[in-house]
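Enquirer: Between the sequences and the hints, there should be enough to build the whole structure, so can you do that?
There are 2 protein chains.
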Amino acid sequence: MSQKATIHDVAHHARVSVSSVSRALNNYPHVSEALKMRVVEAAEELDYQPAFLAHSLRRGETNSIGFLVGSIANPVISTIYEAAAEALATNGYAVTLVSSRNQADLDSACLRLLASRQVSGLIVSSASESPEPARRFIQEANIPTVMLDRAPVAGERVFAVQSDHESSIREAVRHLVDNGHRHIGFIGGPQGFYPTQQRFRAYQEALAEARIPARAELIRFASFTETDAYAEALLLMRNRPLPTALIVAGNIILIGALGALQARQLAVGRDIALVACDDIHLTQLYRPPVTAIRRDLNLLGKTAARLLLQGIANNGNRTDRVIKLPTQLVIRESSDYLCDG
Amino acid sequence: MSQKATIHDVAHHARVSVSSVSRALNNYPHVSEALKMRVVEAAEELDYQPAFLAHSLRRGETNSIGFLVGSIANPVISTIYEAAAEALATNGYAVTLVSSRNQADLDSACLRLLASRQVSGLIVSSASESPEPARRFIQEANIPTVMLDRAPVAGERVFAVQSDHESSIREAVRHLVDNGHRHIGFIGGPQGFYPTQQRFRAYQEALAEARIPARAELIRFASFTETDAYAEALLLMRNRPLPTALIVAGNIILIGALGALQARQLAVGRDIALVACDDIHLTQLYRPPVTAIRRDLNLLGKTAARLLLQGIANNGNRTDRVIKLPTQLVIRESSDYLCDG
DNA sequence: AAAGTGTCGGAAATCGTTTTCAGACTTCGA
DNA sequence: TCGAAGTCTGAAAACGATTTCCGACACTTT
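Sequence order for the protein chains is A and B. Sequential numbering of the first sequence, starting at 1, is according to my numbering. Sequential numbering of the second sequence, starting at 1, is according to my numbering.
Be a bit skeptical, because a hint or two may be false.
What the hints assert, rightly or not - Chain B stretches covered by chain A per the calculated footprint, using a threshold of three residues with CB under 8 Å from any CB of chain A:
#: 1; stretch: 52-66
#: 2; stretch: 83-95
What the hints assert, rightly or not - Among the chain A residues that face chain B by a calculated CB cut under 10 Å, a handful are:
#: 3; residue: 52
#: 4; residue: 67
#: 5; residue: 71
#: 6; residue: 72
#: 7; residue: 74
#: 8; residue: 99
None of these hints come from the bench; they were simulated from the model. We put the beta carbon where it would ideally sit given N, CA and C, even for glycine.
Expert: This is the structure we're talking about:
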């Protein structure tokens, strides 16, 4: 019935010129109140919305930003996304979400797709550490970009928001050592994955500080699937002496590890102390509740959005290039006991 | 350095006209091999990619589809999304995701935003049942639309994909009744929420079939927050006699209810039988594992994508308008015992 | 009275494509 | 050999906005 009205229809209906309509609707100076009123009225009457494509084509910006993730099915990512998207939406941006399905080699293609859609900004939180082509693309595309909990990329308009994984991991190791543990296992995500690298480094440094030799066979890395994490956990548990404590990096790993421990009949919080790196619902509802590193995912998303918006607006002015947000170790029953070993 | 090359640059570089470039690149008939070769070569040399905005403006379609959700932080939704988005991506569509943040009154605005971006299709899985304005908008916008696990909407190009919640709920009630339960509680999502309505109806019918009078005080509805679900569960547990079994509709409700049961010192699988409506990781890892209704979320997403693509292509031809996918009750220890009450 | 200032309309350029139209050239059958 | 049909190609018109340029007023101000 009502084919979408064009700016010409509005002009005709308000008995003014198209240029006046454009000026009135975009709040340009030198336009009288009376004319503005007439135009706005006519626009509302015809339910006029400027054609997005024509508008963007002429203006040269799409008011939409691209969000690249490894998997949106990861509850941590989706929570961050929700927060960021809300902040962006209130600033008039729509966001197109692309998932690389945890395949790092797809990153480049995904970014290229987003760039071809001429997004005004980019938030990158792809699964594995982006390989060289993807990083180079970000550098050269000259699109304002925020790396979200990922390694920073050199570039004029590239920013980064990170969580301070290291300090909490160090605190966790100290906590375990204080409770008498000397065989502390570690299961990380993929080795190229930035948070995994940070956590692993902190784990090693904290062990060194406590003068505890790292046992290589108690260290494993898993991909982003529960079944793989399960398998790696089982492999780790084959070693003797068994670890008396275990740090699992990430919620997927946690799920796999819990399954493996149950299969091995190892009681969390008695036979083995457990520390998780994401404070998801499971950690609080599990019996016993499991110690975890909490971070404000909402703040993380909001900060990424804010930084990106600044990067788009300031056009390269001075802003913080990388922001590191705090984390907090929440000690629960899974690790809050003295090791008798 | 290299500003994006336009079709004119390619034309100039290949020493042909712009129209020929367009024809060659879009595989139109009546273009000689020689010319095509020259054009393709020049295009590659300049790394030419057609400008999305201009392309879409002229063609009248954006090759992007809008996805409206209540909250992407819900793991069930995000899993479905991931599957649908992958299917759409392989068909050349990008998807812009909009969350109404579980506020039903925002649905209309979100849809309007998506429509103004001139999406070629719409998948709607907003949180609560869309109120009248949103439904009317979908009807009138004449955009191919798939309602995902939501009430179907009358309209020429509106389709629906649903899960068969009823049959599994009926099976669950029968299962509980067979085990001797006669006081079976029910906690649903918001009353306007379509899956909640279906589950609740099935719950009532199954009770009636078993000639068990429904106790109104054992029925509660919660919003989409864990704290609210927690509160509602506590309220439900105030009644005497206590229910010996509980059906919780949805993963958020499950989390709240588990917290409440723990607070009340009620042992799941002994004091009270528990049946959940989403088979998330938690249900399998919880001790005891909790009985849940499983459905193929991947299939759900893929089916929605397929239906939408057909709706876009067939332009109103005959296809299935609504598809109902099966569900399956997975009985675990939380309910697999005889009621002694 | 001349000059400046604010307001508005009309025409036209622009963004980068796709699509239509018409002309030029080949091929082919009568 | 001539017209018709078919193949190739380029020029120009869309698509729907924003933006620029210029001219026409109606007011002030000097």
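Enquirer: Holds or violated: the hint that residue 67 of chain A contacts chain B, with Cβ atoms closer than 10 Å.
Expert: Holds, because the Cβ-Cβ distance from residue 67 of chain A to chain B comes to roughly 8 Å (cut-off 10 Å).
Enquirer: Are there at least three residues in the stretch 83-95 of chain B whose beta carbon sits under 8 Å from a beta carbon of chain A?
Expert: Since 5 is at least three, the answer is holds.
Enquirer: Let me know if the C-beta of residue 72 of chain A comes in closer than 10 Å to any C-beta of chain B, holds or violated.
Expert: holds, 5 Å
Enquirer: Interface hint check: residue 71 of chain A, Cβ to nearest Cβ on chain B, cutoff 10 Å. Holds or violated?
Expert: holds, 6 Å
Enquirer: Is the hint on residue 74 of chain A kept, meaning its closest Cβ partner in chain B is under 10 Å away?
Expert: Holds, because the Cβ-Cβ distance from residue 74 of chain A to chain B comes to roughly 8 Å (cut-off 10 Å).
Enquirer: Holds or violated: residue 52 of chain A as interface residue toward chain B, Cβ cutoff 10 Å?
Expert: With Cβ-Cβ at 5 Å, under 10 Å, it holds.
Enquirer: Given that the stretch 52-66 of chain B was listed as covered by chain A, double-check it with a C-beta distance under 8 Å for 3 or more residues.
Expert: holds (count 7)
Enquirer: Using 10 Å as the Cβ threshold, decide whether residue 99 of chain A counts as touching chain B.
Expert: holds, 6 Å
Hint check: no violations occur; every hint is consistent with the structure.
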